[in-house]
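Asks: Working from the sequences, and respecting the hints, build out all of it.
For the protein sequence lines, the chains are A and B, in the order given. Here the first sequence stands for residues 1 to 204, where the numbers follow the UniProt record's numbering. Here the second sequence stands for residues 1 to 235, where the numbers follow the UniProt record's numbering.
Everything labelled a hint here was simulated from the structure, so no lab data went into it. Keep in mind that this is a model prediction, so the values were computed, not measured. Think of the CB as a built atom: it goes at the ideal place given N, C-alpha and C, for glycine as much as any other residue. Worth double-checking, as some hints may not be accurate.
Unchecked claim - Derived pair list, reagent style SDA-like, types lysine to any residue, alpha-carbon separation capped at 20 Å: (1) Lys51(B) <-> Leu231(B); (2) Lys102(B) <-> Asp81(A); (3) Lys102(B) <-> Thr86(A); (4) Lys117(A) <-> Glu103(B); (5) Lys142(B) <-> Glu78(A); (6) Lys102(B) <-> Ala93(A); (7) Lys142(B) <-> Arg80(A); (8) Lys102(B) <-> Glu78(A); (9) Lys72(A) <-> Glu103(B); (10) Lys102(B) <-> Leu73(A); (11) Lys102(B) <-> Ala128(A); (12) Lys102(B) <-> Ala132(A); (13) Lys18(B) <-> Ala28(B); (14) Lys102(B) <-> Arg80(A); (15) Lys142(B) <-> Asn116(A); (16) Lys129(A) <-> Glu103(B); (17) Lys142(B) <-> Asp114(A); (18) Lys102(B) <-> Leu131(A); (19) Lys83(A) <-> Gln109(B); (20) Lys98(A) <-> Leu100(B); (21) Lys72(A) <-> Leu100(B); (22) Lys102(B) <-> Arg70(A); (23) Lys83(A) <-> Leu100(B); (24) Lys83(A) <-> Lys102(B); (25) Lys98(A) <-> Tyr101(B); (26) Lys102(B) <-> Leu94(A); (27) Lys92(B) <-> Ala93(A); (28) Lys83(A) <-> Pro104(B); (29) Lys83(A) <-> Tyr97(B); (30) Lys129(A) <-> Arg99(B); (31) Lys102(B) <-> Glu79(A).
What the hints assert, rightly or not - Distance ranges between label pairs, derived from CB positions: (32) Asp156(A) <-> Glu175(B): 49 to 57 Å; (33) Asp58(B) <-> Leu73(A): 40 to 48 Å; (34) Lys142(B) <-> Gln61(A): 34 to 42 Å; (35) Gln65(A) <-> Asp228(B): 54 to 62 Å; (36) Lys89(B) <-> Arg99(A): 22 to 30 Å; (37) Lys159(B) <-> Glu161(A): 50 to 58 Å; (38) Val30(A) <-> Val117(B): 47 to 55 Å; (39) Gly147(A) <-> Val85(B): 53 to 61 Å; (40) Glu160(A) <-> Lys142(B): 31 to 39 Å.
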Amino acid sequence: MSIFEYNGSALIAMVGKNCFAIASDRRLGVQLQTIATDFQRIYKFHDRLFMGLSGLATDAQTLYQRLVFRHKLYQLREERDMKPETFASLVSALLYEKRFGPYFCQPVIAGLSDENKPFICTMDSIGAKELAKDFVVAGTASESLYGACEAVFKPDMEPEELFETVSQALLSSVDRDCLSGWGGHIYVVTPTEIKERILKGRMD
Amino acid sequence: MGDSQYSFSLTTFSPSGKLVQIEHALTAVGSGQTSLGIKAANGVVIATEKKLPSILVDETSVQKIQILTPNIGVVYSGMGPDFRVLVRKSRKQAEQYHRLYKEPIPVTQLVRETAAVMQEFTQSGGVRPFGVSLLVAGYDDKGPQLYQVDPSGSYFSWKASAMGKNVSNAKTFLEKRYTDDMELDDAVHTAILTLKEGFEGQISGKNIEIGIIGADKKFRVLTSAEIDDYLAEVE
Chain A
1 MSIFEYNGSA LIAMVGKNCF AIASDRRLGV QLQTIATDFQ RIYKFHDRLF MGLSGLATDA
61 QTLYQRLVFR HKLYQLREER DMKPETFASL VSALLYEKRF GPYFCQPVIA GLSDENKPFI
121 CTMDSIGAKE LAKDFVVAGT ASESLYGACE AVFKPDMEPE ELFETVSQAL LSSVDRDCLS
181 GWGGHIYVVT PTEIKERILK GRMD
Chain B
1 MGDSQYSFSL TTFSPSGKLV QIEHALTAVG SGQTSLGIKA ANGVVIATEK KLPSILVDET
61 SVQKIQILTP NIGVVYSGMG PDFRVLVRKS RKQAEQYHRL YKEPIPVTQL VRETAAVMQE
121 FTQSGGVRPF GVSLLVAGYD DKGPQLYQVD PSGSYFSWKA SAMGKNVSNA KTFLEKRYTD
181 DMELDDAVHT AILTLKEGFE GQISGKNIEI GIIGADKKFR VLTSAEIDDY LAEVE
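Replies: As structure tokens, this is what we get:
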């Protein structure tokens, strides 16, 4: 089994009209055994910047801690929040630092730029950025996720419709993957509010 | 290594609580050629005298105002070679920031890091403080900014400031002439008039240097022909 499939994960970020949604599954496993059904994969860095980390859970936690450290210092020094594009460049640089002994994670970054334009991107475990205009996916269920998102995506969806779309894509994809699932955790972010919701799917 | 007399930092405190080397560094700055900066509503201008030791010197080879990033420029009063070292370090810091964040460095951050370098040289063994004060002019998301950095490593944000030989007269002149809603062109005229106040000899595009940055966020040094045009407007 590949090291990226040790814990199991599923992540989506999708762009809507002046909003974005970022969603993950909730399973934490050790190969075939499920050990947690409420595992947090998506982290908030500030009200307009979220990141999900798929892959090996220990690397995901360490990477998250390092990034929080860097972001807090940035906020203190520059007296402002980091822009999503800047944050993505920082994550890419940190991942490449470990080029020959990498973090076994695939991040998914989603945020709102200063002009309230949604920004999403993903990168591989050594920092190759992939900017997308519609959606990005990561995790053990990524193949199913790509198919599901491609099928249901429409540009300029309102937050409520975006929530429905992402939920459907996530739940149907993780149902086809034994290593991810046990419900969903979804954030829908607009310039004025953040809506966090837990989804109940097939609990297996 | 070396004599025990020199194995402590040159910047040890004096009984009166001062760092004597820094005081002397400021004296070196004070006897350097006058330079000044003015922050306008829509840009910043920095200027300096360019008095060359002899008419045989090729004045086109001397450039006292330097660019640090496309939107930040700097001028100095004091020791030229020390200035070159600082410019080199600052440019490297700005590029490192860009490499990490893919974003141009904010003016305050670059000033802070340059000041930190200058402070290091007041607290290390075997080195002396830099004999320059810098005037950093930049335009970023926070608008036009003008900072002065001293040999001690302290930095201040100014609306208008002067350094070097004629500092007290220049500052008095600037205090009288400065208004908050000045446009960049007015600021250039005021800068020229301020330099003219203490200038020995005939002022021309060949013996002063002017750098400006406007709302286009591109710092540039004016050519001597452009300076002559401004001089003609001022006459």
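Asks: Look at each hint and say if it fits the structure.
Replies: Right, here's what the structure says about each hint:
1. As the CA atoms of lysine 51(B) and leucine 231(B) are separated by approximately 17 Å, the hinted pair is consistent with the 20 Å bound.
2. The suggested pairing of lysine 102(B) with aspartate 81(A) holds, with an alpha-carbon distance near 16 Å, which does not exceed 20 Å.
3. Proposed proximity of lysine 102(B) and threonine 86(A) is supported: the alpha carbons are some 7 Å apart, at most 20 Å.
4. Using a Cα cut-off of 20 Å, the hinted pair lysine 117(A) and glutamate 103(B) holds, with the two alpha carbons roughly 18 Å apart.
5. Restraint check for lysine 142(B) and glutamate 78(A): the C-alpha separation of about 11 Å stays at or below 20 Å, so the hint holds.
6. The hinted pair formed by lysine 102(B) and alanine 93(A) meets the criterion: a straight-line CA distance of about 10 Å does not exceed 20 Å.
7. Of the supplied pair hints, the one linking lysine 142(B) and arginine 80(A) holds, its CA atoms being roughly 11 Å apart against a limit of 20 Å.
8. Only pairs whose Cα atoms come within 20 Å are accepted, and lysine 102(B) paired with glutamate 78(A) is accepted, the gap being roughly 15 Å.
9. The straight-line distance between the Cα atoms of lysine 72(A) and glutamate 103(B) is roughly 18 Å, inside the 20 Å bound, and the hint therefore holds.
10. Under the criterion of a C-alpha separation no larger than 20 Å, the hint pairing lysine 102(B) with leucine 73(A) is consistent with the structure, at around 18 Å.
11. Proposed proximity of lysine 102(B) and alanine 128(A) is supported: the alpha carbons are some 14 Å apart, at most 20 Å.
12. Between lysine 102(B) and alanine 132(A) the alpha-carbon distance is near 18 Å, which keeps this suggested pair within the 20 Å criterion.
13. Simply put, lysine 18(B) and alanine 28(B) have alpha-carbon atoms about 17 Å apart, close enough for the 20 Å limit, and the pair holds.
14. Straight-line distance between C-alpha atoms of lysine 102(B) and arginine 80(A) comes to about 17 Å, which keeps the hinted pair within the 20 Å bound.
15. For the suggested pair lysine 142(B) and asparagine 116(A), the alpha carbons sit about 19 Å apart, so the restraint of at most 20 Å is met.
16. Among the hinted pairs, lysine 129(A) with glutamate 103(B) is consistent with the structure: their alpha-carbon atoms are about 16 Å apart, no more than 20 Å.
17. In summary, the hint linking lysine 142(B) to aspartate 114(A) is supported, as the alpha carbons are separated by about 14 Å, within the 20 Å threshold.
18. In summary, the hint linking lysine 102(B) to leucine 131(A) is supported, as the alpha carbons are separated by about 14 Å, within the 20 Å threshold.
19. With a C-alpha separation of about 16 Å, the suggested pairing of lysine 83(A) with glutamine 109(B) holds against the 20 Å cut-off.
20. For the suggested pair lysine 98(A) and leucine 100(B), the alpha carbons sit about 15 Å apart, so the restraint of at most 20 Å is met.
21. With a C-alpha separation of about 16 Å, the suggested pairing of lysine 72(A) with leucine 100(B) holds against the 20 Å cut-off.
22. Taking the CA atoms of lysine 102(B) and arginine 70(A), the gap is near 15 Å; set against the 20 Å cutoff, the hint holds.
23. Among the hinted pairs, lysine 83(A) with leucine 100(B) is consistent with the structure: their alpha-carbon atoms are about 13 Å apart, no more than 20 Å.
24. As the CA atoms of lysine 83(A) and lysine 102(B) are separated by approximately 11 Å, the hinted pair is consistent with the 20 Å bound.
25. Pair hint lysine 98(A) plus tyrosine 101(B) holds up; C-alpha atoms about 17 Å apart against a cutoff of 20 Å.
26. The hinted pair formed by lysine 102(B) and leucine 94(A) meets the criterion: a straight-line CA distance of about 13 Å does not exceed 20 Å.
27. Of the pairs offered as hints, the one joining lysine 92(B) and alanine 93(A) holds, with about 17 Å between alpha carbons and a cut-off of 20 Å not exceeded.
28. For the proposed pair lysine 83(A) and proline 104(B), the alpha carbon gap of about 13 Å is at most 20 Å, so the pair holds.
29. Between lysine 83(A) and tyrosine 97(B) the alpha-carbon distance is near 15 Å, which keeps this suggested pair within the 20 Å criterion.
30. For a cut-off of 20 Å, the pair hint linking lysine 129(A) to arginine 99(B) stands: about 14 Å separates their Cα positions.
31. For the suggested pair lysine 102(B) and glutamate 79(A), the alpha carbons sit about 18 Å apart, so the restraint of at most 20 Å is met.
32. Between aspartate 156(A) and glutamate 175(B) the C-beta distance comes to about 55 Å, which sits within the given range of 49 to 57 Å.
33. Checked against the hint of 40 to 48 Å, the C-beta distance between aspartate 58(B) and leucine 73(A) comes to roughly 47 Å, which is consistent with it.
34. Between lysine 142(B) and glutamine 61(A) the Cβ separation comes to about 36 Å, which falls inside the hinted range of 34 to 42 Å.
35. A hinted range of 54 to 62 Å for the beta carbons of glutamine 65(A) and aspartate 228(B) is consistent with their spacing of about 60 Å.
36. With their beta carbons about 27 Å apart, lysine 89(B) and arginine 99(A) fall inside the hinted range of 22 to 30 Å.
37. Between lysine 159(B) and glutamate 161(A) the beta carbons are some 51 Å apart, a value that agrees with the proposed interval 50 to 58 Å.
38. The given range of 47 to 55 Å is respected by valine 30(A) and valine 117(B), whose C-beta atoms sit roughly 49 Å from each other.
39. For the pair glycine 147(A) and valine 85(B), the beta carbons lie near 59 Å from each other, so the given range of 53 to 61 Å is met.
40. At about 37 Å, the CB distance of glutamate 160(A) to lysine 142(B) agrees with the hint of 31 to 39 Å.
This entry satisfies every hint, going by the numbered hints stated previously.
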